[in-house]
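At position 273 of the sequence shown (counting the first as 1) the number is 273 in the numbering used here, and the numbers step up by one without a gap.
Accuracy of the hints is not assured; some may be wrong.
[Claimed, not checked] For lysine-lysine, the following BS3-like pairs were computed, each having C-alpha atoms within a straight-line distance of at most 25 Å: (1) Lys166 x Lys77; (2) Lys77 x Lys336; (3) Lys328 x Lys77.
Rather than coming from a laboratory, the hints here were simulated on the basis of the structure. All values derive from a computational prediction rather than experimental measurement.
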Amino acid sequence: MSPKGTTRAILSPALDLLCVGGLSLLVFIPLLASGTTDLLMIGVGTQAVLATMINMPHFMASYRIVYRSREMILRHKWASIYIPAILLMYIVVAVWEAQSSLFMVTILVTVSGTYLAWHYTGQVWGMMASYAHVEGTAFDQAERTLIRTSLRILLAWHVTWFLYTKLRDPSVVQPLYAVISAGTVVAFVLGAVGILRMRRRTGVFPPLRALVAWIAIFVWYAMVARDPNAIFWVQIAHAVQYLAFPIRVEINRAQGDAQSGARGFVQHMVLYAIVLLAASYLAGEFFPARAMDAVGVMFGADASKVTPVLLLIFVNIHHYFTDGVIWKISDPEVRKDVFAHLPVAIAAIPADRLQRGSNSRANSRVP
1 MSPKGTTRAI
11 LSPALDLLCV
21 GGLSLLVFIP
31 LLASGTTDLL
41 MIGVGTQAVL
51 ATMINMPHFM
61 ASYRIVYRSR
71 EMILRHKWAS
81 IYIPAILLMY
91 IVVAVWEAQS
101 SLFMVTILVT
111 VSGTYLAWHY
121 TGQVWGMMAS
131 YAHVEGTAFD
141 QAERTLIRTS
151 LRILLAWHVT
161 WFLYTKLRDP
171 SVVQPLYAVI
181 SAGTVVAFVL
191 GAVGILRMRR
201 RTGVFPPLRA
211 LVAWIAIFVW
221 YAMVARDPNA
231 IFWVQIAHAV
241 QYLAFPIRVE
251 INRAQGDAQS
261 GARGFVQHMV
271 LYAIVLLAAS
281 YLAGEFFPAR
291 AMDAVGVMFG
301 ADASKVTPVL
311 LLIFVNIHHY
321 FTDGVIWKIS
331 DPEVRKDVFA
341 HLPVAIAAIP
351 ADRLQRGSNS
361 RANSRVP
């Protein structure tokens, strides 16, 4: 890793660009241009491997942050204790009810699907604000409003797409889906106006990494609009986009331990990777299977079939909530963890600047 202050990146400029959406653009744009309607193209086994290696680790990485110490757990009680307790109680009742009805299961699936839209679009804004911060610049209030409005339209599209593809009778939402699909053009224009406004105000465009994050989500949604099964690839792209940040937090904290030395740092990061992958395997494969067996004994085979799905939805919803809590850029501890490796003038922007005037990003999150 580069010494403190020598680079303005989360991992490195090239890795940042690939992770934030560059790699997905290199893969997805040719796929869309090919005209093929089957955008998944891989079997269930390969999906499981990729999910365990990439998607699930981004959940586990957020857990590493919120549960890393007693102080973090107590500081974020809703994320660490209350929300998971509420979800677990709900799942127990839902599994019991599944003997006769899937109503509660359906409700939780719907909550997860709609919350995902907020999570995806919120993360994109977090990427844009973060990489602008890394470059020592910021969006002003008008630019922020334009770009976030464009993302809110995409949020609405995602929710409508979810209903359109999951409802037994999609004709109920088809007119709304058509209108909001057309509205994505408006979303692109609004975001572009915000970007051009920053160019006119500052003399330069937003950082390329911020632009790529914004463009990428339009391409991601074009993928799932053509083939709903392509949501798998979008999940992978989203996870890759996310992982750079908890990895940077882990690097900064490990490098902050002066006693560990270079060898200790390498050992720490290798152990970190091994634990993430092991936890991902257990969370994705072992726990749902064992829970299914246990519930099968308690409630019968029919009820046990929904348990793996509900447990994975638990991980998803809990992650969405946790992510919105632990990455507030206005929190000095967050800035220290994420930006400690940056030039001092960038890493140590005071909280009052984040909370006032046209540079306000108090409600932004990283990522």
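Each hint tested on the structure:
1. Lys166 x Lys77: violated, 34 Å
2. Lys77 x Lys336: The given pair, whose Cα atoms are some 21 Å apart, holds under the 25 Å limit.
3. Lys328 x Lys77: Given pair lysine 328, lysine 77 holds - Cα atoms ~15 Å apart, limit 25 Å.
Checked against the numbered hints listed earlier, the structure breaks hint 1 alone; every other hint is satisfied.
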